[in-house]
Amino acid sequence: MGGRSGGTEPDDEALLRRVARGDQGAFEEFYRRTAPWLVIRLRRRCADPDVVAEVMQDAYVAVWRSAASYGGSAGGGSAAGWLWTIAARRLVDRFRARARQEASPRPVTVEPTSPAAEDVVVGRVLDDPVAGAVRELAPELREVVQAMVLDGLSVRQTSVLLGVPEGTVKTRARRARLLLREVLS
Amino acid sequence: MTAGHPSQALLDRYATEVDLPPDALWAVEVHLDGCAACRARLADAAVDHAPSVGELVDQVWAEVAPVVRAEPPVRRRRWPVLSRWAAPASLPWLLTSVLVPFVAMAMDLIAATLPVDPGRPSVLLLVAPVVPVLGVATSWSRRLDPAHELVGSAPRAGLGMVLRRTLVVLLVVLPPLAVAGVVVGTAPALWLLPSLVVVTGTLTLGAYVGVGPAAVLATVGWVAAVVAPSLVWDGFPAVLGPDTTPVWAVCAVLATIAFVLSRHAFRHPVSYR
Numbered sequence: 001m002g003g004r005s006g007g008t009e010p011d012d013e014a015l016l017r018r019v020a021r022g023d024q025g026a027f028e029e030f031y032r033r034t035a036p037w038l039v040i041r042l043r044r045r046c047a048d049p050d051v052v053a054e055v056m057q058d059a060y061v062a063v064w065r066s067a068a069s070y071g072g073s074a075g076g077g078s079a080a081g082w083l084w085t086i087a088a089r090r091l092v093d094r095f096r097a098r099a100r101q102e103a104s105p106r107p108v109t110v111e112p113t114s115p116a117a118e119d120v121v122v123g124r125v126l127d128d129p130v131a132g133a134v135r136e137l138a139p140e141l142r143e144v145v146q147a148m149v150l151d152g153l154s155v156r157q158t159s160v161l162l163g164v165p166e167g168t169v170k171t172r173a174r175r176a177r178l179l180l181r182e183v184l185s
Numbered sequence: 001m002t003a004g005h006p007s008q009a010l011l012d013r014y015a016t017e018v019d020l021p022p023d024a025l026w027a028v029e030v031h032l033d034g035c036a037a038c039r040a041r042l043a044d045a046a047v048d049h050a051p052s053v054g055e056l057v058d059q060v061w062a063e064v065a066p067v068v069r070a071e072p073p074v075r076r077r078r079w080p081v082l083s084r085w086a087a088p089a090s091l092p093w094l095l096t097s098v099l100v101p102f103v104a105m106a107m108d109l110i111a112a113t114l115p116v117d118p119g120r121p122s123v124l125l126l127v128a129p130v131v132p133v134l135g136v137a138t139s140w141s142r143r144l145d146p147a148h149e150l151v152g153s154a155p156r157a158g159l160g161m162v163l164r165r166t167l168v169v170l171l172v173v174l175p176p177l178a179v180a181g182v183v184v185g186t187a188p189a190l191w192l193l194p195s196l197v198v199v200t201g202t203l204t205l206g207a208y209v210g211v212g213p214a215a216v217l218a219t220v221g222w223v224a225a226v227v228a229p230s231l232v233w234d235g236f237p238a239v240l241g242p243d244t245t246p247v248w249a250v251c252a253v254l255a256t257i258a259f260v261l262s263r264h265a266f267r268h269p270v271s272y273r
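The listed protein sequences derive, respectively, from chains V and P.
Sequential numbering of the first sequence, starting at 1, is according to my numbering.
Sequential numbering of the second sequence, starting at 1, is according to my numbering.
Next up, chain P with everything else stripped away, as it sits in the complex (with noise of 0.2 Å):
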């Protein structure tokens, strides 16, 4: 379009405030946009035919400086899209998760030089179908998110960010509990169903009650029911067994299916708890 920088003429022009032809006018504009010097030019223009111009960026300034002095920046997000798929303050809850079966591998290994009776349970097979649990607490839980006036209140807000966050949190946890198997020993096949069945069931219940008190509840019951008896007798849980698995491969279809019946219930905002 335009052959190279706008004249210094046509750039005095623009600096004041007599009117220019149109397309003068918008070609110095769209140059401008883009050309730094030009910019430069056009300023020192003002400094010549526009002494106002001055005033008014002095003005301006006088204002602008301090705010700029009383208040810093706000802080970069470093990594925006990512607290787009977790609650930011998750974080540590998050970690502290991950490290639940790694404790757990420590204990096994711990056991596996007493000499106790060979029989007894892994404590990770024990605890590992709660582990996503306490993470998926923190997917759609009021207490553990700062913003969760800003967040329930969102367009997004309700089940797709419910699922999101949930997928980020396994995608977190399911990883260091499969490591923790393998070093200890446990076929992830025993837990993953259990582990998807609790989940699935958490989030359903959470749906009439809130996600945060569904997580306390199943861990809580899950802790009650199966890790506490087994390590009190020493007896490796029954519904663990390597038979269980059709059972609970039924029970996953069933708690899928309620939480897809349930799914509108995620509009409520009791569900954010």
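Okay, chain V solo, but in the shape it has when bound (with noise of 0.2 Å):
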């Protein structure tokens, strides 16, 4: 992989575009571009590798066969969110299909971790009114808003991703926005 030279190369959407019409030199440029990132964001959601190679299997085997039903740009998101959004919905397919077949399908969540630390290496990201919120936010409703904001996935996906009824995907939901808007306010 590597070898991006920089300058006039197409970019993801214009490669997808060309995905669209058979190119396979472009689905593979495509590949390489959007598929460490794609491993990461998905490893940091479930730990199973196996999970995580299944799940990138299916969604790009899903980009070349249905790119031609990407919206473009002009169709309200970039080429990356379009990968996630099918990558997100198989991810939860996999929580199902698990949940089904055993009892406990929990993906990894994040464990709080002193942050002292984490301060130096990682710097000021947030202003700080915002990062002390979403610090502040319980793990369990930093989990919830993390799958409905960030991931875009609705109610009863995040429920399958969790593993928590929707009902109490719900209730938290509420809760983590009363929280913020309390804390932004």
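Worth flagging that the hints you see were computed from the coordinates, not collected in a lab.
Since the structure is predicted, the reported quantities are computational estimates derived from the model, not experimental observations.
Some hints could be false.
Stated by the list, open to error - What the simulated footprint calls covered on chain V by chain P, stretch by stretch (three residues with Cβ under 8 Å from a Cβ of chain P suffice, anywhere in the stretch; the number is not a length):
#1 23-31
#2 38-45
#3 58-64
#4 79-92
#5 137-147
To be verified - Using C-beta positions, here's what the derived DEER-type ranges look like:
#6 P:VAL179 - V:GLU166: 57 to 63 Å
#7 V:VAL149 - P:LEU171: 43 to 49 Å
#8 P:PRO72 - V:VAL155: 32 to 38 Å
In this text, a Cβ means the ideal position worked out from N, Cα and C, and glycines have one as well.
Fit chain to chain and form the complex, with the hints in mind.
Spelled out as structure tokens, the structure:
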């Protein structure tokens, strides 16, 4: 991989449009560009590398088959955002299938670690009130906000991903909203 | 929110499976969503700090590549909105329906140059009332739609789709009819009402016997009762005379009422034949 020489390379959206016309080279380039990002993002939601691999495979096959249905930037999304939407749905599907087979399909949840050490590495990414608000959110509220806002999942999909009932997802989303509003205002 | 791009240190940490504070995690993910340059930086960071990412990427590519080589992607639907309004497979049929008035027009123009009796009716006028029905047959017919099993079970199936597609058919078929009529010198008033009655009657009948069979019935009936006799005996058909307009208007109202009353029958698969 690598081999990114900069300059006048087509952007991901242009690549997808070429993929829609059946351009295998464009698809490979799109894969090489986006796959590492997608693996990393999926790994932060699912610790099982086999599941991540399956989701990746499903998602990219779906991209290849249905690139024509990608609406383009005008359709309201970047190529990466479109890819993530597909991958997130596949991930939820995997969890749903697993939930049917086994009892406890819990994804990795972010364990709170000592903030001081990370602050040094990470620096100030968000404005202080926002960062504070996010950090003060209880983990179970945060994972709901993350699934629904960042990953763009529905209530039902979130409940599958997190393994909690839909009603709980709704309650937590409401509580998180109230808390964030309070802190940010 | 972020003042520019995330730092290299943050991207390095994000690439690994090491935990990040949630606010940093969110900020990075939102930024990466929209920044191709940082996704490239992240890929480079993964090469240095998380070799398992590269392994997984290669492993998945080994699975995906054969699929890509084996099958072409699904063809782009050029007119995605249009296909919601008409069965794509019905296009050739529709074009044929559009051709009918022009063929009739040609016959009329040829007949005008021949020394035949001037009282003979225009062929165009004779066929005009059933030309829209030819198109309507495509609006809700299994034979003309290879995807009929999907269409028939769609939530939109039924009256709404029938009306929608009928509207499209009429929009496609009526203008050529009108143009051909102007060329030949036939007043649209003479055939517009009869064709409205025939179309509405076909749909009403179609609710019970299927739109396709109803269209066939209407066309055959019209040809047998009106077109053939007046061509054989060279007489102007009484049913298309100027003084029959009020009768046709009453028939149109009655047919519309009958159609409205039978609208629920379109939920039944019998209508879709």
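Results of checking the hints against the structure:
Coverage of the stretch 23-31 of chain V by chain P holds. Counting CB-CB distances below 8 Å, 4 residues qualify, and the rule asks for three or more. Coverage of the stretch 38-45 of chain V by chain P holds. Counting CB-CB distances below 8 Å, 5 residues qualify, and the rule asks for three or more. Proximity of the stretch 58-64 of chain V to chain P, defined as three or more residues with a beta carbon under 8 Å from a beta carbon of that chain, is established by the 3 residues found. Only when three residues or more bring their CB closer than 8 Å to a CB of chain P does the claim for the stretch 79-92 of chain V stand; here the count is 3, and the claim holds.
Requiring three or more residues with a Cβ within less than 8 Å of a Cβ of chain P, the coverage given for the stretch 137-147 of chain V holds, as 3 such residues are present. Judged by the Cβ atoms, the range 57 to 63 Å given for VAL179 of chain P and GLU166 of chain V holds: they are separated by roughly 58 Å. A hinted range of 43 to 49 Å holds for the C-beta pair VAL149 of chain V and LEU171 of chain P, which are about 44 Å apart. For PRO72 of chain P and VAL155 of chain V, the hinted distance range of 32 to 38 Å is satisfied, since their beta carbons lie about 37 Å from each other.
The structure is consistent with each of the numbered hints, conforming to all of them.
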